[in-house]
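Asker: Chain order of the listed sequences is A and B. Each residue of the first sequence is one higher than the last, beginning at 5 in this note's numbering. Each residue of the second sequence is one higher than the last, beginning at 61 in this note's numbering.
Please note: incorrect hints may appear among the correct ones.
[Unchecked claim] Dumping the calculated DSS-like pairs for lysine-lysine here, alpha-carbon to alpha-carbon at most 27 Å:
| no. | chain 1 | residue 1 | chain 2 | residue 2 |
| --- | --- | --- | --- | --- |
| 1 | B | Lys276 | B | Lys315 |
| 2 | A | Lys359 | B | Lys462 |
| 3 | B | Lys89 | B | Lys110 |
| 4 | A | Lys340 | A | Lys359 |
| 5 | A | Lys280 | A | Lys264 |
| 6 | A | Lys262 | A | Lys278 |
| 7 | B | Lys282 | B | Lys258 |
| 8 | A | Lys429 | A | Lys449 |
| 9 | A | Lys374 | B | Lys462 |
| 10 | A | Lys429 | B | Lys462 |
| 11 | A | Lys429 | B | Lys89 |
| 12 | B | Lys315 | B | Lys282 |
Think of the hints as simulated: they come from the structure by calculation, not from any bench.
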Amino acid sequence: MQVWKLVPLVALLAGACATTPADAPTDTAQTPEAAEPVKAMPTRVAYNPDPYPSTYKPLPSDDVLIRNATVFDGLGGEILAGAVLIQGGKITAVGSEAAMTMPAGIRTIDGTGRFVTPGIIDIHSHLGVYPSPGISAHQDGNEVSGPVTAEVWAEHAIWPHDPGFTRAMAGGITAMQILPGSANLFGGRGVIIKNVPARTAQGMKFPDAPYTLKMACGENPKRVYGYGGGRFPGSAPFSRMGNIAGYREAWQRATEYKRKWEKYNADFDAWEKKTKSPAEKTDDKGPGDPPNAPDRNLELDTLMGVLNGDILVQHHCYRADEMAQVIDLSHEFGYKVSAFHHGVEAYKIADLLAKEGICGALWADWWGFKAEAYDGIRENIPMVHNAANGCAIVHSDDANGIQRLNQEAAKALGDGARAGINISKAVAWTWLSRNPAKALGILDKTGTLEAGKAADVVIWSGDPFSVYTRADLVFVDGAITWDRNDPSRRPVVDFELGQPGEGDVK
Amino acid sequence: MIRSLLLAASLVALAPAALAQTVAITGGKIVTNTAQGVIEDGTIVMRDGKIVSVSTGAPPAGATVIDADGKWITPGLFAALSRAGLSELDSEDPTNDTSAPGSDFQASLRAADSFNPDDTAIDVTRIEGFTRAAIVGSPANGLFGGYGALIDFSGSFESVFARDVVMIAELGEAGAGAAGGSRAAAWQWLLTAIDDAKAYPRGFEEDGEGDLITRKEAIALKPVVEGRVPLMVEVHNASDILQLLTLRQREPRMKLVILGATEGWRVADQIAAAGVPVIVNPLTNLPDRFEILSATLENAGRLEAAGVTVAIADPGESTHNTRFILQLAGNAVANGMSWDAAFKAISSVPAALYGRNDLGVLRQGAIADVVIWNGDPLELMASPDAVYIAGVSMPMESRQTKLRDRYLDLGEQLPQAYERQ
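Just chain B, same shape as in the assembly (with noise of 0.2 Å):
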């Protein structure tokens, strides 16, 4: 029903068509993420791409109005951390852009410059509610991956919003390796480069180069060892993240951000003190490496118990399966987090991570970044009736829903190959 109301959408966001209209969707339970908590019977207004509004009324006259009762209406889903564009074929090396192990360069790499908008996956998260990400390579050949990017999901070719908005690096077992073979390295390595970054250009001048990074290395981290952009370190044991936490004291500048903490929850007091958010995978439970022997589905929970800020995404499954994000979250809540707080961990608590008030949020003002859900979002059986972004309705169909459009009926007379709806 809902389809059959939503204009022709276009691959190109922001069609001017598209937005010179004000749309209304009415009816649905609202999760705004914002002081008005859920809005049950809503109606939340768009128009030129933001809200103008949210609340029990009526639609405005001259409004399109999207029934959307019984539906659940949720900000577009805001990953916060995803290879989705980087990589077509994770096997095959020249499709796949999540990391450079055969370069020189490591801070100064970034995820913007890899990006493709017809990636398939692109198309693929999307229909599930996605509708912006942070992009962020791997570190391959040291211990930064490069900085980190924000996109949308309309495939369009303007999808990267913002650039440089973080800097991955790791420590830990991982960290340990890359820097030649212990933790001890791997520490000594990242002081150096924040070092030589923050003696850049009296240092590079006088000796010609730092002690540990290239020039184009150390302009690169500049942004970061002042504080300008986060530094989301992946780090997983309860004592390097203690470690970690040290580098408040030594560089109360910079920003930090906790990719993992696995083992958080026994420094969650800690890391909450610190003030440090963290992106954990919820359902790390395995002690499949020594640095993380006390996994437990209770970590996101307990990490929210006690006060830290938790978003929720998973490292290993960022290029095609973004989407399990959602099951992720769902799962979270099983284990004891708060819908809410698991519910904000996919949306506005990332997009707040990289800056963004108006994203991840309903509210007038922010991105009408809207999605409408036929139950629940965090359920397994739920899914997305319409997506927008932006103000602008997108395609609900990706390369797979092609696919087994095409392979619904085996019965036809000619080949599938014939066969495109």
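Chain A on its own, in the form it takes in the complex (with noise of 0.2 Å):
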């Protein structure tokens, strides 16, 4: 009779891709002093599902009263003569600051003419893996040996000396999602990060944020792999009736493959239960050898991902017709977009967007730059936050934009005043903080200003939809990342070091 010896699980099977560590012991082993052979227990094979932690570390700071500013705090209000309390990184009150309990000596900061608003979201970025100065040895961010590349993470290849991180501070951004690019049908892993200089990405990585999966249509696809490199024929995609059928064949794929861990797991469980069964115990043939797990695909681990709800879609799409493709694709395979990004036509399908609760991640106005943004309109952020429930989302895409995001917002606010969409700064400002969050899976931790909240915060110069306006302060975790007036808090990366304008204005 073969006896089993429970050992405890190294890792259990969490969500969509949790793993062993690959020293963990899976084969059986001798036990001496047993009094007849038994082997251990073998473990569930299970995959680590953070194998590439956050180290991230708040930088110190200290509790501070910022009083007296007008104040939005991302849910759409806006507080005039308010305050906001930071206290332990966290933000502790917003509104009055009569109201407020406070240590008596807390830090000040007079908030008299300025603006403060919750620090800002780039959904779309890919600063560290298309870094400046952008030469050949900095590409980065695409990995283009096949239309389905689930199985690469942008955090991978993110160089955090990257100048454009510190301009984006200058602009306000706090948290950023950093992206593969848009060659494949599926690009891989985006990371989201806080912008704080560190010396690796695991130090700036969001801590607890979900991980999620780029995705493109349209153009780039077809472009890079069935008339790409030189070649003719290429290989699938060369049309958009290619995109889809690639994206179909993968996730079928990763329904089997899904399908496979279900069994295994089920039929691990059924093992397990026979092992402690004292019944089974009686059966001379025992409980029989545990089944054998799958074999590990990376790609497909990304997408299983996907189809267990815990890795969020992000998907690049112009065109309104094709979003519409995408969305019955999302049904057929049981998962949702979290947001579509660039959605140059979105104002096509505001409504159907916002029924499927799917953000539009927009620029306020680039267009024209090849024919799937040949209908982009000035209106479309407004437009798609105009619908019943609609979510809107200003976005850059851009190593320059991200330094002006807000900037973004208001171009498009006034575009919208002036097709008679009347939307008040303050809830314009959701477009910046609030929905990036919510389309990021992170908005329980930051993107308003509420207490209980990340004290990711930024200190504006005035009103931030004016065109002379600049951040003066912005805090990430409560602690200061950026101070205008003082370049001992303006931070020179690795690569500026010893170089022509080290430590000057940028």
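The two chains are supplied separately, each in an independent frame; assemble them into the complex guided by the hints.
Answerer: Structural data, given as structure tokens:
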């Protein structure tokens, strides 16, 4: 009779793609003191869901009261002569200073004439993976080796010394999503980071944020693959038909992969139950061998994570008709698109996007650089916002644009008003912090000025919808990461040291 | 309100009916770009496509009066560099005439010969307050990109009003690449092309051809080397700028314009002393190339402070988003440039750069390119209420506004394809 000894599970299969460390004991082992040969209980094959964990630690911070400022709370509210209390890196109170209790002698910042907002979150950036300088050695954002590269992760290519991160700080960016490029149908995993200087990508990684998956519609995949590399014929996709077929083929494989893991886990549960059941021990046959785990597939791990609801889909898609196809695709395979990115024609289906609960991550006014961007209009953002339950996000996809997302929002707001869509500035701020936080699954942690949330806050020199306004102070988790008036709080990355212009105003 | 008062505008500029009328715009804050400065509560009078007066006086009897109380009145914006009308879709070669990488011709190319007044970017740009631009091709197969032309944004077949006003070339990293691999090669190419053009026709008659360029190219460069047309050189690095400025001694007749000048602030005094104007993108602040490591948002303001003549444009966003120039100017102000210089940098300075002192200014006798704004034109949420080109009020719609209007209401019974306004 075979005897199994229970050993603690090294790692439970958690969510999408739990994993076991490579050196974890999975084979049986002899236990010398046992009276008869005893094998260690085989552990369930499971993979670590977080093998490149965040090492982010908030920078040192003081408790501070920002007083007498105009406050946009990120929920759509505006507080005149408002105060924001930051303690222990968290927001502890927002509103009227008179109603707040705080320690005597707390540091104060005079907000007279200034505006306070949640930090801006850019849902679409390639900083670090396409850093400055944009030399050939730095082109790390597109793994073009195949149309489906869901196995690659943007964080593995982030160069933390990209000067673009500090420029974005000056623009009030406190967090961002770094995405792979749009060459592929499935470009790989994106990662959410805090905009703080660090030596490693892990040091910037937003703790406990979900993973994301970059997908791309339209012209890019068919240009890169079908007609790419100077080959003709190249390889699929050559057409928008091929794009959708490529998605479906991959999602089908992911569906089968997920089923195999579910079966394995169910079989393992049953087998484990047998080994523990006294009734089974009377059976000479015993519980038998444990089930074999499926072979691991890194690409399908990511896609399975989406099907399990753990990884959020960020889909680059310009044309309205294509977004509608992708929505049906998501229904076919049972997942949700978190946001369509670029969505130059989102205004044509603002009602459909709102009904599906999909955000549009959009530019204010880019258009015309290719056919799928031909129908761009300046009112896209306010029109997507204006649908019942619409969710508009201002994004950059650009190392320059990320520095001025507040200005992009201002343009969109003005354009909307010109078309008769009147939205308050305070409500428009939801495009810059709350909505991106929602589409990234971090709204419980940041994105609004609410007690208990991270103190990711910007103090602006004036109305942030004015071209003449700049970010005076930027806080991440209550720590000042950027101070326009204090050169010692304007980080200079390694690349810029010893170069012309080191430490200059940028 | 104002729109309802506007004449039914025609795409055909200079319609005689419009010209016969006297139009007075009253009550606005007028930015003249002249010694008159800014006039509060002023009156501007236009007739026959020209400005008759700019004052605080009452409108003349019989004039069509447009009340612009609380509005800003400015000269039409003049893009120092644009490629509107040269590209319908940047990624589709048949629609993109901004450059000719497969052509043997370089200096002898003329942007005017590519210009398409039906390009959708024309209307899109006009309704944001732009009335004129220098359209300039992009160098692709060598240092020179050919002649730039001056256009108006009326969309008419007569939009090109000056054909060969500037020659564009590039040095620095791009020039080195185009010339065979090094800055030295680019410099040698430039000097040799200049010498060939100067020697034309004599040298060509003796030897059959120049050392470097063909007869057609030499003919094209002749006005440049003789100083009748300025040479606009895209160059960014401080050392490269100084190298270019040595041309002032070697070729004193030639007129230079620097395009880019991202590190110009480091050699601003030398640029000012050489009397060379610059066209800058004030938002370039990333060390995206090794030739612009010291890029800073304060470049435009520092150049202004040193006495350099500054125009503002962005060659990188020149086909569809010439309109971004407004945002560039506003940000230049946010980073140290004076409002006055920043506004001139997108109106009167570019006009003067191309020899037109009757554009970009509001004064008696100037061409009546006028924009009425609902606020400070450099502000992000402001926009034009009306645009006049040579006295003619322009349509304030574009393909984009038509798309917008079609989809503003998604609840209609018939598909949008039936909806046109």
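Asker: Compare the structure with each hint and give your call.
Answerer: Against the structure, the hints:
1. B:Lys276 - B:Lys315: holds (21 Å)
2. A:Lys359 - B:Lys462: holds (25 Å)
3. B:Lys89 - B:Lys110: holds (19 Å)
4. A:Lys340 - A:Lys359: holds (12 Å)
5. A:Lys280 - A:Lys264: holds (24 Å)
6. A:Lys262 - A:Lys278: holds (24 Å)
7. B:Lys282 - B:Lys258: holds (7 Å)
8. A:Lys429 - A:Lys449: holds (23 Å)
9. A:Lys374 - B:Lys462: The hint holds at about 20 Å.
10. A:Lys429 - B:Lys462: Roughly 26 Å separates the two Cα atoms, so the pair holds.
11. A:Lys429 - B:Lys89: The hint holds at about 26 Å.
12. B:Lys315 - B:Lys282: The given pair, whose Cα atoms are some 13 Å apart, holds under the 27 Å limit.
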